[in-house]
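A.B. asks: With the hints as extra help, turn the sequences into a complete structure.
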Amino acid sequence: MTVTRSVVLGCGSYLPKQILTNAELATRIDTSDEWIVQRTGIRQRHIAAPGEYTSDLGTKAAIAALDDAGIDPQSIDLIVLGTSTPDNTFPATSVAIQNALGIHHGAAFDLQAVCSGFIFALATADNFLRSGAFKRALVIGAETFSRILDWNDRTTCVLFGDGAGAIVLEAQEQAGTNADSGVLTTHLRSDGRHKSKLYVDGGPSTTQTVGHVHMEGREVFKHAVGMITDVITDAFEATGTSAADIDWFVPHQANKRIIDASANKLHIPSEKVVLTVDRHGNTSAASIPLALAVARSEGKIKKGDLVLLEAMGGGFTWASALIRW
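Count along the sequence shown starting at 1, add 37, and that's the number in the numbering used here.
A portion of the hints provided could be inaccurate.
[To be verified] Estimated spans, in silico, between C-beta atoms of each pair:
| hint | residue 1 | residue 2 | range |
| --- | --- | --- | --- |
| 1 | Phe146 | Ala212 | 41 to 49 Å |
| 2 | Gly263 | Glu61 | 32 to 40 Å |
| 3 | Arg230 | Phe127 | 27 to 35 Å |
| 4 | Phe146 | His304 | 36 to 44 Å |
| 5 | Glu274 | Thr244 | 36 to 44 Å |
| 6 | Ala212 | Gly239 | 43 to 51 Å |
| 7 | Ile66 | Arg294 | 15 to 23 Å |
| 8 | Ser233 | Arg294 | 20 to 28 Å |
| 9 | Lys232 | Ser307 | 51 to 59 Å |
In short, the hints are calculated from the structure, not lab data.
Even glycine gets a Cβ: it sits at the ideal position worked out from N, Cα and C.
C.D. replies: In structure tokens, the structure reads:
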């Protein structure tokens with residue numbers, strides 16, 4: 038008996054042209070390249086230009102993914118965008134991307150799970166494709182986090198950057214084994230008790246303003262490794278796989294120390310870990326698809342590889358996905 042899988046046809050990314058290095062930040066606030074690198078592993082981040090919006094970044098990443106897949110945008114009937122920095126309160130930023138791509142059919146909507154947004158979006162699209170409701174989907178993570186940073190707060194402004202990444206998924210019939218191509222399993226979690234540890238102090242219903250990012254860094258770090266490994270263990274149990282079966286580990290790119298600690302706890306060797314946080318900083322929902330695109334361009338992820346994704350974000354939210362490329 039066959040099953041329907043969401044198979045990856047292509048991936049793409051986009052980064053704004055402006056690069057902001059740690060050294061440049063050190064001329065503005067009380068920090069240093071050494072301090073930032075030691076605590077986070079970040080060396081630089083990209084910043085969206087004035088007038089360059091989340092939809093612009095997402096559109097360019099989507100075009101790159103469609104080009105990589107070699108398919109016509111008109112064959113896409115579902116767009117799910119993970120973002121915490123939409124162009125407007127409404128309509129959904131995904132609708133702007135849909136229109137920019139010349140697509141006027143199907144459905145497009147945004148999904149907000151902060152840094153876990155891409156995996157939440159991936160899981161949502163996967164369920165729609167497997168149900169038969171749609172045939173081909175664009176799953177996008179796009180952020181302009183620079184717009185919600187307090188650039189005088191050295192505990193947060195050094196961490197984040199802007200960017201976008203996207204993948205194209207297609208519903209295909211597969212044999213129903215772990216050797217299948219496509220999304221094998223996804224696991225999503227959230228716990229609102231941790232809101233105060235990572236949040237933005239604003240919104241239409243409360244302050245009628247956007248607000249800025251606030252974070253209790255030590256508390257986030259304390260919870261991160263346990264939560265991440267929890268959903269990864271769920272993925273292994275659901276598929277009967279283990280860390281030894283993984284070809285590539287593509288974690289959310291928030292902090293190198295969290296990534297290293299998670300990989301060590303899971304017994305995943307460093308040579309299997311895709312690391313881009315040094316170049317991109319934390320791009321929230323965009324970080325995983327950006328890292329996927331980098332790994333593909335560097336010849337790391339190849340057809341047939343088993344790829345493990347994980348993320349954790351404000352809320353808290355956390356999630357994992359296991360994909361056969």
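A.B. asks: Now tell me if each hint is right for this structure.
C.D. replies: Verification of the supplied hints:
1. Phe146 / Ala212: 41 to 49 Å: violated, 32 Å
2. Gly263 / Glu61: 32 to 40 Å: Hint holds: Cβ distance 35 Å, inside 32 to 40 Å.
3. Arg230 / Phe127: 27 to 35 Å: holds, 28 Å
4. Phe146 / His304: 36 to 44 Å: holds, 38 Å
5. Glu274 / Thr244: 36 to 44 Å: The hinted range 36 to 44 Å holds for glutamate 274 and threonine 244, with Cβ atoms some 43 Å apart.
6. Ala212 / Gly239: 43 to 51 Å: Given a distance of about 49 Å, which is inside 43 to 51 Å, the answer is holds.
7. Ile66 / Arg294: 15 to 23 Å: About 21 Å separates the Cβ atoms of isoleucine 66 and arginine 294, which means 15 to 23 Å holds.
8. Ser233 / Arg294: 20 to 28 Å: holds, 22 Å
9. Lys232 / Ser307: 51 to 59 Å: violated, 33 Å
Violated hints, in rising order: 1, 9; the structure is consistent with all others.
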